[in-house]
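Student: Letter by letter, the chains look like this.
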Amino acid sequence: MKKVYGTAAEALDGLLSDGMLIAAGGFGLCGIPELLIDAIVESGIKDLTVASNNAGVDGFGLGKLLETKQIKKMMSSYVGENAEFMRQYLSGELELEFNPQGTLAERMRAGGAGIPGFYTQTGVGTQIAEGKEVKIFNGKEYILEEGIFADLAIVKAWKADTTGNAIFRKTARNFNPPAAMCGKICVMEVEEIVEPGELDPDHIHLPGIYVHRLIKGEHEKRIEQRTVRQKEAS
Amino acid sequence: MKKVYGTAAEALDGLLSDGMLIAAGGFGLCGIPELLIDAIVESGIKDLTVASNNAGVDGFGLGKLLETKQIKKMMSSYVGENAEFMRQYLSGELELEFNPQGTLAERMRAGGAGIPGFYTQTGVGTQIAEGKEVKIFNGKEYILEEGIFADLAIVKAWKADTTGNAIFRKTARNFNPPAAMCGKICVMEVEEIVEPGELDPDHIHLPGIYVHRLIKGEHEKRIEQRTVRQKEAS
Amino acid sequence: MAWDRNQMAARAAQELDDGMYVNLGIGIPTLVANYVGDKDITLQSENGMLGMGPFPFEGEEDADLINAGKQTITELPRTSYFDSATSFGMIRGGKIAAAILGAMEVAENGDLANWMIPGKLVKGMGGAMDLVAGVGKVIVVMDHTNKHGDSKVLKECTLPLTGKGVVDRIITNLGVLDVVEGGLKIVECADGVTEEELRAATLATIV
Amino acid sequence: MAWDRNQMAARAAQELDDGMYVNLGIGIPTLVANYVGDKDITLQSENGMLGMGPFPFEGEEDADLINAGKQTITELPRTSYFDSATSFGMIRGGKIAAAILGAMEVAENGDLANWMIPGKLVKGMGGAMDLVAGVGKVIVVMDHTNKHGDSKVLKECTLPLTGKGVVDRIITNLGVLDVVEGGLKIVECADGVTEEELRAATLATIV
Numbered sequence: 055m056k057k058v059y060g061t062a063a064e065a066l067d068g069l070l071s072d073g074m075l076i077a078a079g080g081f082g083l084c085g086i087p088e089l090l091i092d093a094i095v096e097s098g099i100k101d102l103t104v105a106s107n108n109a110g111v112d113g114f115g116l117g118k119l120l121e122t123k124q125i126k127k128m129m130s131s132y133v134g135e136n137a138e139f140m141r142q143y144l145s146g147e148l149e150l151e152f153n154p155q156g157t158l159a160e161r162m163r164a165g166g167a168g169i170p171g172f173y174t175q176t177g178v179g180t181q182i183a184e185g186k187e188v189k190i191f192n193g194k195e196y197i198l199e200e201g202i203f204a205d206l207a208i209v210k211a212w213k214a215d216t217t218g219n220a221i222f223r224k225t226a227r228n229f230n231p232p233a234a235m236c237g238k239i240c241v242m243e244v245e246e247i248v249e250p251g252e253l254d255p256d257h258i259h260l261p262g263i264y265v266h267r268l269i270k271g272e273h274e275k276r277i278e279q280r281t282v283r284q285k286e287a288s
Numbered sequence: 055m056k057k058v059y060g061t062a063a064e065a066l067d068g069l070l071s072d073g074m075l076i077a078a079g080g081f082g083l084c085g086i087p088e089l090l091i092d093a094i095v096e097s098g099i100k101d102l103t104v105a106s107n108n109a110g111v112d113g114f115g116l117g118k119l120l121e122t123k124q125i126k127k128m129m130s131s132y133v134g135e136n137a138e139f140m141r142q143y144l145s146g147e148l149e150l151e152f153n154p155q156g157t158l159a160e161r162m163r164a165g166g167a168g169i170p171g172f173y174t175q176t177g178v179g180t181q182i183a184e185g186k187e188v189k190i191f192n193g194k195e196y197i198l199e200e201g202i203f204a205d206l207a208i209v210k211a212w213k214a215d216t217t218g219n220a221i222f223r224k225t226a227r228n229f230n231p232p233a234a235m236c237g238k239i240c241v242m243e244v245e246e247i248v249e250p251g252e253l254d255p256d257h258i259h260l261p262g263i264y265v266h267r268l269i270k271g272e273h274e275k276r277i278e279q280r281t282v283r284q285k286e287a288s
Numbered sequence: 003m004a005w006d007r008n009q010m011a012a013r014a015a016q017e018l019d020d021g022m023y024v025n026l027g028i029g030i031p032t033l034v035a036n037y038v039g040d041k042d043i044t045l046q047s048e049n050g051m052l053g054m055g056p057f058p059f060e061g062e063e064d065a066d067l068i069n070a071g072k073q074t075i076t077e078l079p080r081t082s083y084f085d086s087a088t089s090f091g092m093i094r095g096g097k098i099a100a101a102i103l104g105a106m107e108v109a110e111n112g113d114l115a116n117w118m119i120p121g122k123l124v125k126g127m128g129g130a131m132d133l134v135a136g137v138g139k140v141i142v143v144m145d146h147t148n149k150h151g152d153s154k155v156l157k158e159c160t161l162p163l164t165g166k167g168v169v170d171r172i173i174t175n176l177g178v179l180d181v182v183e184g185g186l187k188i189v190e191c192a193d194g195v196t197e198e199e200l201r202a203a204t205l206a207t208i209v
Numbered sequence: 003m004a005w006d007r008n009q010m011a012a013r014a015a016q017e018l019d020d021g022m023y024v025n026l027g028i029g030i031p032t033l034v035a036n037y038v039g040d041k042d043i044t045l046q047s048e049n050g051m052l053g054m055g056p057f058p059f060e061g062e063e064d065a066d067l068i069n070a071g072k073q074t075i076t077e078l079p080r081t082s083y084f085d086s087a088t089s090f091g092m093i094r095g096g097k098i099a100a101a102i103l104g105a106m107e108v109a110e111n112g113d114l115a116n117w118m119i120p121g122k123l124v125k126g127m128g129g130a131m132d133l134v135a136g137v138g139k140v141i142v143v144m145d146h147t148n149k150h151g152d153s154k155v156l157k158e159c160t161l162p163l164t165g166k167g168v169v170d171r172i173i174t175n176l177g178v179l180d181v182v183e184g185g186l187k188i189v190e191c192a193d194g195v196t197e198e199e200l201r202a203a204t205l206a207t208i209v
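Top to bottom, those sequences are chains H, W, R and U.
Each number in the working numbering comes from the position in the first sequence (counting from 1) with 54 added on.
Each number in the working numbering comes from the position in the second sequence (counting from 1) with 54 added on.
Each number in the working numbering comes from the position in the third sequence (counting from 1) with 2 added on.
Each number in the working numbering comes from the position in the fourth sequence (counting from 1) with 2 added on.
Among the hints, erroneous ones may be present.
What the hints assert, rightly or not - In silico DSSO-like cross-links for lysine-lysine, where the CA-CA straight-line distance does not exceed 30 angstroms:
hint: 1; chain 1: H; residue 1: LYS127; chain 2: U; residue 2: LYS166
hint: 2; chain 1: H; residue 1: LYS127; chain 2: U; residue 2: LYS187
hint: 3; chain 1: R; residue 1: LYS166; chain 2: W; residue 2: LYS189
Calculated from the structure, these hints are not laboratory results.
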């Protein structure tokens with residue numbers, strides 16, 4: 055069963071359709087599936103719903119899919135770094151479903167774990183709770199949130215073996231595992247592909263069962279906020 | 055903040071009380087907190103409810119706590135290896151709440167993740183569903199299962215650093231992370247304690263935030279079913 | 003004439019396709035692993051492992067490496083380990099393509115009973131309820147009748163259920179049956195077994 | 003006279019005890035890390051890290067290592083990384099002892115608003131709603147009044163809420179107030195600020 059493909063376009067071949075729900079990994083610009091996003095821009099599919107914590111920035115990451123207006127709706131927790139997003143949203147061109155960050159991550163994990171709904175205290179008494187079922191456990195109010203079952207997951211890992219077993223690096227892990235889990239099909243881009251046996255089985259972050267197709271590519275890995283400190287004189 | 059204690063009894067000091075709910079890691083005899091179980095036997099506390107996938111075997115693991123009749127109720131998925139358990143259960147001395155294995159694991163994880171309830175298809179239409187709330191998602195029936203919030207979690211890892219960051223070895227991981235997460239307090243026994251920085255931060259299975267007290271000890275690690283194959287003549 | 007345990011396992015192995023992630027139950031299902039041949043099958047052990055290897059050589063047993071039947075096993079190059087919550091997440095989430103399980107009883111509507119005999123046998127369901135609720139395809143492999151000669155393929159289960167309407171295909175020593183609208187459909191008879199013999203040994207409606 | 007940003011951060015740092023796992027929000031809360039001194043505090047970054055270190059030296063930035071404010075940071079010997087579902091599991095599960103957050107408005111019943119201004123500012127709540135719902139203690143650090151001089155410590159919030167009844171303590175440039183039964187209680191006044199000045203700048207009921 056070959057999972058390794060040559061290019062992002064090849065890996066996505068036959069998987070894309072208008073109106074589909076895509077879950078994307080990444081936090082800010084960290085750990086985003088750059089190459090797969092570019093290939094989706096190239097494909098021209100439209101009316102997408104995208105579940106992703108952020109919406110990229112103007113001209114990079116999901117920001118590109120916003121510029122081409124291929125996205126109909128975003129499910130996100132924070133979109134503050136994207137002027138084009140703001141413009142489309144305020145003008146009514148784009149739908150936006152705000153999800154608290156933890157609720158979004160848990161909804162993805164739940165979808166992947168066959169859990170259609172769970173209760174959380176997050177958002178009780180706020181706009182987020184409007185229209186949602188409330189239930190009392192131990193005298194406290196909780197709201198029902200539903201699992202996300204995406205048609206396609208696009209994620210980015212550091213290394214994977216050819217069976218799709220993947221490891222992530224530092225905070226680039228973020229939403230990638232839950233996004234991968236909630237996709238009916240998951241396509242992953244990595245910086246390095248190795249043979250089975252080269253990764254320690256105890257250290258796999260995402261088992262290959264969650265990964266259907268795999269590409270290796272060059273990543274820009276743009277930094278959003280470059281903050282540094284000065285070396286003290288020695 | 056010192057997390058490392060000398061002995062299991064010292065690590066449990068002040069944490070034990072009659073009638074408490076204890077979540078224990080392990081699957082069969084693999085990855086069980088042997089030393090902490092022994093110390094709880096020694097403590098003499100009683101009327102315990104224990105959430106653990108299995109109940110040990112006669113004379114080892116949780117089987118010891120059954121022999122001393124310190125356990126009032128077990129929450130388990132499989133107790134087939136324990137004659138004393140069966141006797142106490144059939145004679146009505148012991149309560150038993152059967153949980154499907156995945157439901158038990160998810161209930162622990164949910165408790166640890168602040169989720170008081172979630173829906174699952176597991177057990178729909180069976181005895182397990184009796185008395186549980188049913189909800190329809192997308193035309194299918196699901197039942198409500200509740201998070202487990204344990205007073206104390208006892209778990210076993212392979213190695214930990216002094217801040218409690220822990221890694222497990224092979225299938226000895228099993229219920230240990232979810233059990234650790236659902237405890238108000240978690241006490242962990244390990245085979246080796248190292249200094250912070252010796253474990254790769256990308257490879258921590260259970261972050262130290264979940265681990266309140268820590269001991270190193272010698273483990274018997276008994277094998278339940280020793281199965282082998284013959285080396286072919288070469 | 004009928005299939006023996008190994009022939010049943012070999013027949014069950016035909017259900018598996020290249021690339022599948024599969025969970026094998028205890029007993030005859032375990033033998034299926036011997037018959038997958040060149041197919042690229044990855045076995046899950048629900049206690050937290052994908053890529054289960056064979057039993058270890060004598061002296062190489064590892065107490066930290068067991069399968070769901072608590073037997074010592076080995077790992078493969080493709081192996082990954084994870085915790086029980088993740089393991090059953092992938093089961094409930096439909097990531098496992100098929101489970102091959104034993105049974106005490108199967109009914110014509112796909113009901114499955116394989117976890118307890120009230121008052122007699124109280125071992126627990128282990129991971130069976132999660133598996134039958136979550137995996138893509140549930141294949142039961144069992145003897146067609148019990149040791150008293152009574153059919154285990156029934157109109158309705160008499161024992162407490164493991165899952166309701168969950169079985170897709172039944173492979174017994176007498177043949178292969180599919181759960182379809184209205185009852186069971188004979189897919190094939192075992193070597194030397196006639197359709198009449200298969201029907202006679204079956205209490206379920208055959209359509 | 004009143005506290006400046008650094009003095010507010012220093013005051014907030016006094017809330018932290020040895021051994022605590024803490025989440026610091028963006029803005030003044032970030033400065034709190036500079037004032038924890040010898041206390042053994044572990045900082046969580048909710049994008050998937052415990053044990054957040056300082057900014058990197060120039061040239062040592064790592065695109066794979068950022069905090070929740072998307073700033074490049076470093077790791078410590080005690081650091082561990084995990085995914086977002088696990089990260090918010092520990093937040094919702096009450097494992098984080100305290101969160102120190104900024105705010106647009108706080109009300110006397112503990113309501114907090116810090117995520118949007120309808121029609122104007124639509125950035126999103128990020129992890130703030132999860133934090134205020136889940137952590138042990140919510141401490142707000144903010145200027146007592148906005149740039150127009152209006153109090154941000156109100157009887158009722160006017161902006162969409164981040165959480166209902168979630169704030170435990172408010173630290174502003176003018177002093178420290180606790181949310182108690184019936185309103186706010188003055189814990190202390192900032193250097194050179196009188197109780198009268200603090201009351202005058204506060205619209206919330208002070209009990």
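Student: Work down the list of hints and note, for each, if the structure agrees.
Tutor: Status of the hints after comparison with the structure:
Taking the CA atoms of H:LYS127 and U:LYS166, the gap is near 28 angstroms; set against the 30 angstroms cutoff, the hint holds. Proximity of H:LYS127 to U:LYS187 is assessed by CA-CA distance (about 45 angstroms); at most 30 angstroms being required, the pair is judged violated. Our distance criterion of 30 angstroms between C-alpha atoms is met by R:LYS166 and W:LYS189, whose separation comes to about 16 angstroms.
The structure fails hint 2 only (numbered hints given earlier).
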